[in-house]
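Undergrad: Take the sequences, apply the hints, and build the full model.
Protein chains in written order, with the working numbering: chain A, 1261 to 1491; chain B, 1261 to 1491; chain C, 1261 to 1491; chain D, 1261 to 1491.
What the hints contain is simulated information worked out from the structure, not anything from laboratory work.
Misleading hints may appear alongside valid ones.
[Claimed, not checked] 35 Å max Cα-Cα, derived DSBU-like pairs, lysine-lysine: (1) A/LYS1473 to C/LYS1365; (2) A/LYS1434 to C/LYS1365; (3) D/LYS1434 to D/LYS1420; (4) D/LYS1365 to B/LYS1365.
Since we're looking at a predicted model, the values are computed, not measured.
Number of protein chains: 4
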Amino acid sequence: MMGYSNIKTPIIIVNFKTYAEATGEKAVKLAEMAEKASVETGVCIGVSPQFVDIYKIARRVSIPVFSQHIDPIEYGSFTGHVLPESVKEAGAVGTLINHSERRLKLADIDAAIRRAREVGLISVVCTNNTPVSASAAALKPNMIAVEPPELIGTGIPVSKAKPEVVTSTVEAVKRINPEVIVLCGAGITNGDDVSAAIRLGTEGILVASGVVKAKDPYKVMVDFAEAALKA
Amino acid sequence: MMGYSNIKTPIIIVNFKTYAEATGEKAVKLAEMAEKASVETGVCIGVSPQFVDIYKIARRVSIPVFSQHIDPIEYGSFTGHVLPESVKEAGAVGTLINHSERRLKLADIDAAIRRAREVGLISVVCTNNTPVSASAAALKPNMIAVEPPELIGTGIPVSKAKPEVVTSTVEAVKRINPEVIVLCGAGITNGDDVSAAIRLGTEGILVASGVVKAKDPYKVMVDFAEAALKA
Amino acid sequence: MMGYSNIKTPIIIVNFKTYAEATGEKAVKLAEMAEKASVETGVCIGVSPQFVDIYKIARRVSIPVFSQHIDPIEYGSFTGHVLPESVKEAGAVGTLINHSERRLKLADIDAAIRRAREVGLISVVCTNNTPVSASAAALKPNMIAVEPPELIGTGIPVSKAKPEVVTSTVEAVKRINPEVIVLCGAGITNGDDVSAAIRLGTEGILVASGVVKAKDPYKVMVDFAEAALKA
Amino acid sequence: MMGYSNIKTPIIIVNFKTYAEATGEKAVKLAEMAEKASVETGVCIGVSPQFVDIYKIARRVSIPVFSQHIDPIEYGSFTGHVLPESVKEAGAVGTLINHSERRLKLADIDAAIRRAREVGLISVVCTNNTPVSASAAALKPNMIAVEPPELIGTGIPVSKAKPEVVTSTVEAVKRINPEVIVLCGAGITNGDDVSAAIRLGTEGILVASGVVKAKDPYKVMVDFAEAALKA
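TA: Structure below.
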């Protein structure tokens, strides 16, 4: 896809958030499990660790690493901000933008997508509903991940609780920009949820606690990957 | 100081911001120059690189590394935020809080200082004037760095342009909490500015472009350190 | 238009910002001039005063009054926020959303437009460029006012300095949602700028200093209105 | 107090938030009840309505009216912001600053207090705990209202659930600035809670749902006022 050699669909992106189970050395271990699950199943699995862990993880694994956020800034006086160039040099191939826990202003989403494109980072814009997904599509990101915020972390999968949000998002996004890849997320905990998401028209999922908080994250990732293939 | 074995005053903290000259591999090189200048002069020089560069730098140098910001959060669902525990595990010994380019809400500064204390990070709260410095002192950070924002990056040193801001800040902070170390910053480009800052009652400086954008950052840091000693 | 009896195009909306010349009693006087200019020319002229002045102005004039902002909230515990219902009850018929001086998060623009619709307020979403305008169009506001921020307050009219921004915005917005009315703003100071804006495909303008800071605001508004008619 | 002729302690400030029961015409009625309760008991009762209702209320009642927020701005280009001068001209005598539902950056609290002083508005800074109250005291507001956010709207009164927060706040604030008047709030629903607050060293309370959501707000305000007098 898009000249990023190790990215293909279906794709599973695991958001590490700031979970204890996915911080520092534990984040590296989890990324290694993701790599192993990816190699075993042939499905693309990306990881999205905290900023400080990007470099360490990118050196150890060859699966795609995504930043959890970038700021729409250039080199300069921006203490405490996340520079797209830094994230790229540290080894990330892409970035989440506008996650529900890190919402951005509209003009900043536009600028962040443009900055991601300039430095060669894949942009994955998170959205909360169908109109916002359509709105994001007009900004030409590489991917959109729709996640109804009320389902995040609940274990109630969007693909079952709100299938119409997924299908209407796919339709609205493709109408505005057919090249945008649509993912969905929120409440996904097993392979069935993943297959359902794919059958509804998405090309993958964004998942966090469903993997990170699982007893056996490796097993869950293999399960997800196989379900994505079969769907 | 405070049980942090490699911290002592006078201290010079170099803020790398998101400068091109202080990103990625260049950030590592700059940190190595800072370490060399510190070893040569015996003065404590700390560096404050971007989040993604903390780990790489902390592994290569033994001078104190400061994060440019932390969020007042705990382990959990905070995508795109900066977890104090992560920064600590990556090798930082302290953190800037409330830099003029990353201002925080009052309640969040309080919470960030408390979180820094909990995980064992030195807190350096940046402030813009005397009342705000006094206000910050009541929150019991380890250090306060006063920087009149209108002088940042100008080359007009606060220690000369606004000496009364420095002296009144030292006085106001010490009255509320005598244990807080006061630094100053903004416009510092040579040894004289550093000596002046120390003579006005501070125990060090926070500097960015004066070092990072210098033709020979190593020489400037040595110059600063020697001036700090002689003051 | 849209069941709002006193709204028609071309429309001129005068943003009072927090200018001294447009605060309190002076705001009332300026609104009265706008009404007089509207009556005299037959062109729709709306005013957008500060929150506290909405009630006073709406009682005195019968031209459309727009709030400068609403928060995407409902009745409840939102101290210090701007409730759409309050603005409506005070006499506003519409509201600006996402002005360049009051940018909102994407999800909040979506929610604010929906709340405006629910309470019967015309939504005028301000945007900074063509992609952001297209993005806003997908959220189905009543109007979009594109204003390149670098031209705001300069006296260099967008309709002359960046005509391609205006035409590409009209095209992009209409493609996504043909019902959205497109205005433009920034740097407009005379009738020629207004005619140019209309000829480029807009149905009106959003103006601030060009009217408020003018020696004779009444005369300028008449001039603008006549130019809008002739274009 | 402070040259504001109609302000004296003990004081009860009723925050109208954006409650349906305290919006528009209902806000005026509630303010009239507050005035009647004030006249009947001789206790100072202030009201803090939404921005758009300030003018209407200030014209009808002679009790003190407080804005729920001001922005630390001057006349100029600040669309959608709350100008201290406007609020004052509309009839407010004071303003809340930094309510838990409208938290501000530290530098902005400092600037907002200064702006309030410049235009002659009483500043009431809301805080969430003792260190933050001490911190706010260093900025020299007229009043500080401490409200543990976890108790707001619960009906569990701070004066009973966390008396030590109230006493330690009074002590910390007075140590830094003895002229600052301390109020407390959160969970206050009856006269006993008010007396307890006063006995703990405060000079009044900030209350919202306890009055606004009461079956008979007038009766509750009389009850509060009498309890404040007897304490």
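Undergrad: If a hint holds in the structure, say so; if it does not, say that too.
TA: Cross-check of the supplied hints:
As the CA atoms of A/LYS1473 and C/LYS1365 are separated by approximately 30 Å, the hinted pair is consistent with the 35 Å bound. Straight-line distance between C-alpha atoms of A/LYS1434 and C/LYS1365 comes to about 23 Å, which keeps the hinted pair within the 35 Å bound. Restraint check for D/LYS1434 and D/LYS1420: satisfied, since their Cα atoms lie roughly 21 Å apart, inside the 35 Å limit. Restraint check for D/LYS1365 and B/LYS1365: the C-alpha separation of about 4 Å stays at or below 35 Å, so the hint holds.
Violation of the numbered hints given earlier is absent; every hint is satisfied by the structure.
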